Amino acid sequence: MSDQIFIQHRFTVEKDGHVLNDAIVLPKSEYEALQPEEIEVMKTERLDNFVVALTAPKEAVKETNEEIVANIDADLASIEEQKTTLLAMKAEAILAAEVGIKPKSVN
Amino acid sequence: MATKYKRAGSGNWSADASWSTTSGGAADTVKPTAADDVKLDASSGALTIDETATCRSLDCTGYTGTFTHNNFILTIGDATAGAGNIALKFVAGMTYTKNFATGSAFSFISTSATVQTVDFAGKDTGNVTFNASSNGSWQFTGAHTCSATATVTLTKGTLDINGQTVSWGLFNCANSNVKSITFGAANVTITGSNANVFIGGNSTDTTQSIAASTITLTGANVTICGSYSTKFAFGTVIFSGGGTMATANGTGSTTSFVNLTVNGTAVKTDNFSLSTTLVVTGVLTLAGNSATNRLLVKSDAVGSERQFTNTGATMTWSNVDFQDITLSTAFNASAITGLSGDCGGNINITFTTAATQTWSGTSGGNWSANAWTSRVPLPQDDVLINAAFSGSQTVTADMPRLGKSINWTGATGTPTWSLSSTTNTVYGSITLISGMTMAQDRNLVLSGRGSFTLTSAGNQFPNTGGSGITLSAPGGTYTLQDALYTGGNLTISIGGFVTNGFNVTCLTFIGSGSGTRTITLGGSTVNITSTSTATVVNNGTTTGLTFSGESSTFIIANASTNVRTFALGGLTYGTISYVVSGSTGAMTLQGSGTIRILNFSDVSNARTLNFSAGSTVTILNSFNVQGSAGKLMTVGSLTAASHTLSKASGVVSCRHLSISYSIATGGANWYAGAGSTDGGNNSGWIFADAPLVSSGGNSGLMGMRGLNNLNMI
Chain A
1 MSDQIFIQHR FTVEKDGHVL NDAIVLPKSE YEALQPEEIE VMKTERLDNF
51 VVALTAPKEA VKETNEEIVA NIDADLASIE EQKTTLLAMK AEAILAAEVG
101 IKPKSVN
Chain B
1 MATKYKRAGS GNWSADASWS TTSGGAADTV KPTAADDVKL DASSGALTID
51 ETATCRSLDC TGYTGTFTHN NFILTIGDAT AGAGNIALKF VAGMTYTKNF
101 ATGSAFSFIS TSATVQTVDF AGKDTGNVTF NASSNGSWQF TGAHTCSATA
151 TVTLTKGTLD INGQTVSWGL FNCANSNVKS ITFGAANVTI TGSNANVFIG
201 GNSTDTTQSI AASTITLTGA NVTICGSYST KFAFGTVIFS GGGTMATANG
251 TGSTTSFVNL TVNGTAVKTD NFSLSTTLVV TGVLTLAGNS ATNRLLVKSD
301 AVGSERQFTN TGATMTWSNV DFQDITLSTA FNASAITGLS GDCGGNINIT
351 FTTAATQTWS GTSGGNWSAN AWTSRVPLPQ DDVLINAAFS GSQTVTADMP
401 RLGKSINWTG ATGTPTWSLS STTNTVYGSI TLISGMTMAQ DRNLVLSGRG
451 SFTLTSAGNQ FPNTGGSGIT LSAPGGTYTL QDALYTGGNL TISIGGFVTN
501 GFNVTCLTFI GSGSGTRTIT LGGSTVNITS TSTATVVNNG TTTGLTFSGE
551 SSTFIIANAS TNVRTFALGG LTYGTISYVV SGSTGAMTLQ GSGTIRILNF
601 SDVSNARTLN FSAGSTVTIL NSFNVQGSAG KLMTVGSLTA ASHTLSKASG
651 VVSCRHLSIS YSIATGGANW YAGAGSTDGG NNSGWIFADA PLVSSGGNSG
701 LMGMRGLNNL NMI
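Listed in order, the protein sequences are those of chains A and B.
For what it's worth, the working numbering labels the leading residue of the first sequence as 1, then goes sequentially.
For what it's worth, the working numbering labels the leading residue of the second sequence as 1, then goes sequentially.
Keep in mind the hints are simulated off the structure, nothing from the lab.
Being a predicted model, the structure only gives us computed values, none of them experimental.
Just so it is clear, CB atoms sit at the ideal spot from N, CA and C, and this is done for glycine as well.
Please note: incorrect hints may appear among the correct ones.
[As the list claims (entries may be wrong)] Heads up, incomplete: computed chain B residues facing chain A, CB under 8 Å, no partners named: (1) Ala457; (2) Asp482; (3) Ser524; (4) Thr525.
The task is simple: from the sequences and hints, build the whole structure.
Here it is, written out as structure tokens:
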């Protein structure tokens, strides 16, 4: 990858008490092609997006998706165990009926 | 001691009527005891274990019936060997039905020193335990299967698998009892998953002879060796289940293999994790499934070296990446099938030469499917995405390891970069452009081990679904080139994070941990957007942390009814502000720390500021905790014990506070003035307005209450 020169134009803007310290970082040729008013528009856009982001909070989700998948796998394994248990209870009940033994709860 | 035969017809173990002292005979005895040999033969009917059962031995020679095993343990053995030195003998012609995957269990407890045979005839059982209080010796003479959730446990005694073919869920001999395991040339398949499936005992109490065996681990996400320090001398071990496959040992132990094979599966996230040195003397096979379903071989601790001692061994590698791995004998992996990836920290491995990869074409698509310049980027390859994209194109980062530095400079057409397929790791800088959008609900991990930058260009990492940005870069530093926004957690685990004066906006900020890390905030403002009951700034554990935040500002940015905690970690902060209007949720400053300016006020509602009992919070400049008429700010401790607020000098002037369990000290005068109440258990607070301070001058007094009030936000 050939070297590129970038311009970092730092700025501070404020709106509704929210202060944004940011920068416009562009290749030198792109930056120099911008008019001052275009730079101001970019600053304003950054500030507006920042304020929107601050005022639209998201809830913290503690579980990662990997953890969610793992938990679901564990639940599925538990369901399989429960299925086996139920089948055994059914088999025992059928057997008990065949031999005339009174129902007994299975641990 | 007697021999008990199962009588003809169906019957339960618990029923005396099921048993006879002669084959095919009448009911003339009681159910078996621990001293009795039990026989099921051609004359026997169906038998059900319907209670905890015991016998000296169980011999099913000639049996063609059905043996049903409910959720009870059949305990076999006493002080003498079973008849014919048989502990258990199943036969091919019988039907064995277990009704519980694990609970239809066998426990072998004979204390006889005579070797007794165990033949499951390939049947599928629940848990099997070998546990002799003394002596105890068993030898398999047939195949055995148990389910993926069932465990074969050697607690105490001698167990010889005798070269048989067995398939178990898990194998466990992790205890301090004296025991011996011999596999011979056994084929052992371990089918358990998501667990430590082959666990050893202490090296001083376990005698092992397993080096002639083949152990195949078919479950996903399995670990072998466990937390004990057994130095297992394996024969051939094959991992084939995918996910996170690992070895684990106690500190200082070494596990050896004749042949070790790790086969990846058709997913992109398989990895093999080492926690200690592994010795391989024969063949070390590390094989990813394909060039895009690659296997990552890594240390279990990022930045901590783990070694393969591979002297004299043959390396058979393909489609594999490495992180923090050392070989004792160097190997050139530059031209292996699927090439080799360098994620950093590796020694004595020659990797495929890095080559910049440029996105091919003007359409979006999957990272793994693009033609690129020559290959899907390896971790050491810089990535350039500068295409003139046609409209509404999305580049989907479906590879877990994206490349070194990712640079979007020059791209047009407003493409979207989607980080929503898997956790993505970048091993260098990230340079975004303003003419693009981001989609993300997976973690982004920054792992470059050098000096790198992060340029967001106004883009926001949305980080939905609980994801975030994590710095995990041993020896590396990431410096912001502009403001950073993430909708998720910003976690600094390892490495340097330099905000360079720019804003950081994140759901929560996590600097707590134990990795070597540096957080340099300078004069940056960190906006915390979380509204959940959570530790939204967590610097609680500062092991390994160098923190520079004395000029920084942390702002709790959003209103909430929930309690948000700021774990100070004993560090020094510039400004901490929680002044957002309409927010009734409390804030807890957890632990001790130093704050230059604390702003806590709200003209529209009351709320609570809690400190940890026993903590000391030192204020350097201003304690701007202010209520208003009818809207008291409550200042207290989390529990019914005092906290300490300390300021070296000057006047702290507050109003409309309700204070309890607070010690105000340090040299300054602490005033809780108009509207304030003494909630009890306070000291050092003066519940009165601060005295007026004259500004001087001939025009008369111009009163100001203390000096602190002037530092309002």
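inquiry  = Just to be careful: measuring from the Cβ of alanine 457 (chain B) to every Cβ in chain A, is the smallest value less than 8 Å?
reply    = Because about 6 Å separates alanine 457 (chain B) from the closest Cβ in chain A, which is inside the 8 Å limit, the hint holds.
When the least beta-carbon distance from threonine 525 (chain B) to chain A is tested against 8 Å, hint result = holds, 6 Å
query = Does the nearest C-beta of chain A fall within a distance shorter than 8 Å of the C-beta of aspartate 482 (chain B)?
reply = holds, 4 Å
task = Verify the interface restraint on serine 524 (chain B): the C-beta must sit less than 8 Å from at least one C-beta of chain A.
result = holds, 7 Å
In summary, the structure agrees with every hint in the numbered list given earlier.
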